[in-house]
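**Q** Here is how the chains run, residue by residue.
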Amino acid sequence: MRRTALRVFYDGAGLLIFAVMIFPIYWMVTTALKPGKEILSLDPYWFPAPVTFQNFISAMQVPFFWNDVVNSLVVVLTVVGISIVVSFLAAVAVARFGFRGRTAFIVMVIGVQMVPLNALVIPIYLLLDSVNQVDSLLGVIAYYMAVVLPFMVWTLRGFVHNIPTDLEEAAMTDGASRVGAFMRIVFPLVAPGLVATAIFGFIQAWNEYIIAYVLLSSSSKQTLTIWLASFTTQHGTDWGGLMAGATLTSLPVVVFFLLVQGRVTGGLTAGAVKG
Amino acid sequence: MNPRKLFVVAFVAAIAVISAACGSSSTATNPANQTGTLTIWLMNGSAPKSVVDGVNADFNAKYPNVKVDVQIQQWSDVTTKLDTAFGGSAPPDVMELGNTLVAKYASAGALADISGQKSGFENSGSWLQSLTDSCTFQGKLYCVPYYAGSRAVIYRKDMFDAAGATVPTSMDDLLTAGQKLMAKYGSDSRFSALYFPGKYWYAAAPFVWDFGGDIATQSGTKWTGAINNSNSQQGLTVLKNLVSQLSRADKTGDELKQDQAFAQGHIAMIIANGWEVGVITSSTGGDPSLLPKLGAFPIPSHTAGQTAPVFLGGSDLGIAAKSQHQDLAREWIKLLGGTKFQSQMVTVGGVIPNTTSLVSLSSGLPAIFAAAAKNSRFTPNSPNWANVESANVLQDMLVAIFTGSSSIPDATKTASDKITQILNAGS
Amino acid sequence: MRVAGSLDAAARARTRLGASSLRSIVARKGLPYALIAPATVVILGVLGWPLLDLLYLSTQHYGLRELFQHQGSFVGLQNFATILSDPQFRYVVEISLVFTAVNVALSMTLATIIALLMERVSSFVRVLLGAGLVFVWATPVIPAIDLWQWMFDYEFGVINWLLTRIGAGNYIHHNWFENPLQGFTVITVVVVWGAIPFLALTLHAGLTQVPKELVEAAQIDGARAWQVFTNVTVPTLKPLLLVLLSLSTIWDFQVFNQVWVMLNQRPNENYFVISVFSFQESFRVSQFGLGSAVAVVMVVLLMIISFFYVRQTVRNINEAGA
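Chains as they are written, first to last, in the working numbering: chain A, 7 to 281; chain B, 17 to 443; chain C, 130 to 451.
Keep in mind that the hints were calculated from the coordinates and are not lab data.
Wrong hints could be hidden among the right ones.
With a Cα cut of at most 27 angstroms, we get these calculated DSS-like pairs of lysine-lysine [unchecked claim]:
(1) B/Lys156 to B/Lys238
(2) B/Lys256 to B/Lys434
(3) A/Lys227 to B/Lys83
(4) A/Lys227 to B/Lys256
Some but not every residue of chain C turned toward chain B, in silico, with C-beta under 7 angstroms [claimed, not checked]:
(5) Leu193
(6) Leu196
(7) Phe197
(8) Tyr283
(9) Trp290
(10) Leu292
(11) Glu307
(12) Arg395
(13) Asn397
(14) Arg413
(15) Gln441
(16) Arg444
(17) Glu448
By construction, the Cβ of each residue, glycine as well, lies at the ideal position given by its N, Cα and C atoms.
Let's have the full structure, built from the sequences with the hints guiding it.
**A** Here it is, written out as structure tokens:
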């Protein structure tokens, strides 16, 4: 009896938190579905009536939209793909090995994150300018990697560290090689951490505006956040378009999350705990 | 450096000199042989695509081997982008700049001095005075006027008729008309006869100027804040009375959402740019059915029958000092700033053209805004003016006045001292 | 118990490795360096020079003209003297510290509660909550702030409408940013809302690592939920909690967009948190030297705030690791 009551209480609390957190998102999506005059109304319309997809259609007809989608995907997948491997390697080194220079490396990883990125706009621009990588996706990719790596290394270190060494040792006494033990035992246990950091990297790179805007000038090389900024003109903001754009922009992240989470966390962790 | 490297360097330098020599000789003789890429930054929403395409087509007819790359930039954080681009080695050759930004970049040496070529630009004799002023820094010309925008009053004809109000021809009339509207509609707690958000400095400036006041005055290189002189204060007193009687807008808010507010139907008048008619009646966020009910009139002067001076906003076209294609850049600007395409800017884009000779092309509501622009003023033309704006000096002053948190003499004194200090600060 | 066991295992491993050949020792010694090399190359390769440049700029008189010519004039520590003697800067630092403390405390507490809750709710609610958090997290920052600004709008704001409707007072035509305390409250809501998804999801991921057998053992021993939490969950999560705590501190101290965009890119001086102040000096007043100096001071402040944390982390790692 008490268990059920408790479960109902927990579920209720969970739903309440869900409602509060999701409300702005609800407002964003419904706004995107509202026709013109209802969008900014003195008495709010809670439901779009009639529902219109016009905002989505016109948002996608902005010149270079698909181009921007491709650029964003190229930038983000490259950044996440490379960073996750690089940061995992470094995290293992910090969590599992003692070596000279480890303290310096940790201090660097923490210290770099303390620098406000807005203050680096000019130094970064001048650096990339001197190697002719302004207005190039490569420059943006390099910069994003440098920005997300310290965070990823640091967070992943916690996850790797949390895995009991005796699990690894046990596997090794069973005759597996160190690398084999690592891949079979440690990797699955660290998977939730990999997912969390990969998503973090994805979102950081996917949503960054100021550096992408400052660096990328050609219409053909811009990313989705710059497309989003195009709804705000000197002639006012197209709220319906902006909200439709924001909804479209956040969808790939949600899809990415669901894909990664389903594949990695679900199956592998369960197996690892049993093994 | 070893001899071989020296040789290589010398070789490369020699090639560069030779090719530069060839390049420049062909410039003078045959435009068809000119090559390269001309990069142009225009702001999002400034010129209709058809106009830009037309300019490029005409340009390529003359320079078939030059590639023109027009890149549209976003407004959000544009100064950050301009700062870095000018700081880099290859800024765009031509860029559109808001007219209040030109002094800042010209004084820092980012823009090419084109004083010597002024007469080569069509209509340069009849450019709008305050746009030309915005392009002029220490007696030299750093850009070409592109287009302008000015403010007037947009009003609801149907409400005026219902309240028995007439289009005002003096500031007193404006108050009377507003009072009639408030008497008719004021029981609606959301109604404003004249919707005036507290931070709307560009709508307040005409009142200051109309009474002979000013923001700051210059003698030699020294600026003195003038917003606290008796004329300025007189204008602000009249405005405060109008606002307290006619406006229920946020006394601490800004004007960014005034068009959407107007479209909701509880407002009879706003002070707005010509293009805001389009926002009010747009199908995205506005109300298209309002179009036939809208009228416009210039902000009236306190002297009956005259209009108050308005701030002339707009954009200019500058050439980067670091540009490798100064001649080509000028040729391109000559087209967009010339009669053919400025006429299209008026008829297709609905803006005020850069020359008085084409203003008459405006018709309908835009014509009223264009007429208002004839009596126009500009903000103090100092590279530090941008700092006055970013410090919100005038906005804070207006808020203090409208909310009554300080008296007009005190608020203007504080603002004036700050303006004097900021404008005279060394760069 | 566990610690001792793992030390035994480590000791056994060491003896075994001690017998291996010289070559494997070299490989073993070189391995960690090989592992950190790519990360080090990327971070220092891309950010190393700009960081030095930032330090250099902070000692220069560097305005627009200097930027365009790439030639500043050296002024020593004068930029720092200017900032530190500016009474406004004192306010900026104080407000940033208070803001950071409040936001870190709120977001960490709420995120922990949500993560624990996610362990206990039915799977349907868990999936729903997880998806909701991801959606919030995935929403691009700038439109999200636009959205909040609009929800708190003077005329159109749904919050004003709602508060009036439910009888919380008359909020029709209420300006939330007139009073900085209310304004910062709104900004805090936006920051915490944006911070919760990452913190809660990461903590939830961390909770899956808490050994089930330990929790069950504690429960069999008759431990209450709270005791299980403090004796089993917190110790296991401690490294992760420390990481998140310090990350939150860094991020909240650097808050920029939530202030800048919320106040239409022209916040008044009451809203100058330190990163806004730095940006304002650089890109609005065009004093890049001063702006850089503010950024340097900001890093120094963060280092002071997190000194004990960093020292502790380094010690923990050096004690625990390998």
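**Q** Going back to the hint list, which numbers does this structure go against?
**A** Hints 4, 9, 10, 15, 16, 17 not satisfied by this model.
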